[in-house]
Amino acid sequence: GAVVSQHPSWVICKSGTSVKIECRSLDFQATTMFWYRQFPKQSLMLMATSNEGSKATYEQGVEKDKFLINHASLTLSTLTVTSAHPEDSSFYICSANGGQGAPEQYFGPGTRLTVT
Amino acid sequence: AQTVTQSQPEMSVQEAETVTLSCTYDTSESDYYLFWYKQPPSRQMILVIRQEAYKQQNATENRFSVNFQKAAKSFSLKISDSQLGDAAMYFCAYRVLIGNQGGKLIFGQGTELSVKP
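Residue numbers (the numbering used here), protein chains in the order written: chain X, 1 to 116; chain A, 1 to 117.
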């Protein structure tokens with residue numbers, strides 16, 4: 001149980017274009033999902049908390065207009081990187097709260113974004 | 001503010017031996033959760049073990065166990081009988097559970113563990 005998927009696993013896009021990353025909870029409902037960014041050999045940096053049916057809560061320093069988050073259903077959250085630039089190239093990971101109030105988060109496999 | 005510190009950027013262990021990864025944290029909360037996550041080269045985050053702060057007994061999961069010292073705010077991970085598959089980045093994480101939603105996970109910097117055959 002508690003499986004989280006992400007799509008795509010790897011995406012290459014041109015500078016100036018937008019790219020959407022999907023995060024799905026496959027066997028449970030997730031009212032809250034989280035989006036992280038990770039650079040090589042570094043820790044996970046929380047970008048935002050995604051709440052179903054309401055606006056996302058962004059961490060300080062994260063551009064809301066650049067990283068659009070939509071949590072339209074109990075099993076799907078999306079992260080759209082708008083007007084992507086090479087510095088947005090990174091590994092993006094989503095997670096969801098474990099079902100029934102479990103304290104742990106379950107993580108998706110991540111998406112590698114390369115902006116050329 | 002809550003912080004998590006892993007002071008060992010890299011550790012190495014011989015196969016079948018035991019290794020301990022250190023983690024300290026800072027919080028003013030009395031009720032919280034602590035976790036160890038493993039991130040192998042595939043980069044999939046895997047939950048290794050969790051500890052509830054209100055429990056005095058140290059958590060154990062097969063070859064993995066923790067030494068939780070609440071007063072010292074220390075939470076180390078012991079891996080016994082190390083295997084080649086244990087090679088990964090290990091992250092210590094802290095979380096305050098707010099209602100049923102859960103607060104943020106706060107991660108340490110990570111410790112990269114290599115296992116020598």
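Simulated from the structure, these hints should not be mistaken for lab results.
Small disclaimer: the values here were computed from a predicted structure and weren't measured.
Warning: the hint list may mix true and false statements.
What the hints assert, rightly or not - DSS-like cross-link-like pairs, simulated, lysine-lysine; straight-line CA separation at most 27 Å:
#1 A:K73 - A:K116
#2 X:K41 - X:K20
#3 A:K78 - X:K41
#4 A:K78 - A:K104
#5 A:K104 - X:K41
#6 X:K64 - A:K70
#7 A:K70 - A:K55
#8 X:K64 - X:K41
#9 A:K116 - A:K78
#10 X:K66 - X:K14
#11 X:K20 - X:K55
#12 X:K55 - A:K116
#13 X:K41 - A:K55
#14 A:K104 - X:K64
#15 X:K41 - X:K14
#16 X:K64 - X:K14
#17 A:K104 - X:K66
#18 X:K55 - X:K66
#19 A:K104 - X:K20
#20 A:K73 - A:K55
#21 X:K41 - X:K66
#22 X:K20 - X:K66
#23 A:K116 - A:K70
#24 X:K64 - X:K20
Pairwise hint evaluation, X:K66 against X:K55, where the allowed Cα distance is 27 Å at most:
The given pair, whose Cα atoms are some 15 Å apart, holds under the 27 Å limit.
Given pair status - A:K104, A:K78, alpha carbons within 27 Å:
Status holds; Cα separation ~25 Å.
Agreement of X:K20 and X:K66 with the hint, judged by alpha carbon distance not exceeding 27 Å:
Between X:K20 and X:K66 the Cα gap is close to 12 Å, so the pair holds against 27 Å.
With the threshold set at 27 Å, check whether the alpha-carbon distance from X:K55 to A:K116 stays at or below it.
violated, 48 Å
Given the hinted pair A:K73 and A:K116, is their alpha-carbon gap at most 27 Å?
violated, 31 Å
Verify the proposed pairing of X:K41 with X:K66, using a straight-line Cα cut of 27 Å.
Status holds; Cα separation ~24 Å.
Holds or violated: A:K116 with A:K70, Cα cutoff 27 Å?
Between A:K116 and A:K70 the Cα gap is close to 33 Å, so the pair fails against 27 Å, i.e. violated.
Straight-line alpha-carbon gap A:K70 to A:K55, limit 27 Å:
Between A:K70 and A:K55 the Cα gap is close to 10 Å, so the pair holds against 27 Å.
Decide if the proposed pair is consistent with the structure: A:K78 and X:K41, CA atoms, cutoff 27 Å inclusive.
The given pair, whose Cα atoms are some 22 Å apart, holds under the 27 Å limit.
Starting from X:K64, check that the Cα of X:K14 is at most 27 Å away, please.
Holds, because 21 Å separates the two Cα atoms, which is no more than 27 Å.
Is it true that the CA of A:K104 sits at most 27 Å from the CA of X:K64?
holds, 18 Å
Quickly compare the C-alpha distance for A:K104 and X:K66 to 27 Å and report which way the hint goes.
Given that 27 Å is the threshold and the Cα spacing comes to 22 Å, the pair holds.
Of the numbered hints given earlier, the model fails hints 1, 6, 12, 13 and 23; all others are met.
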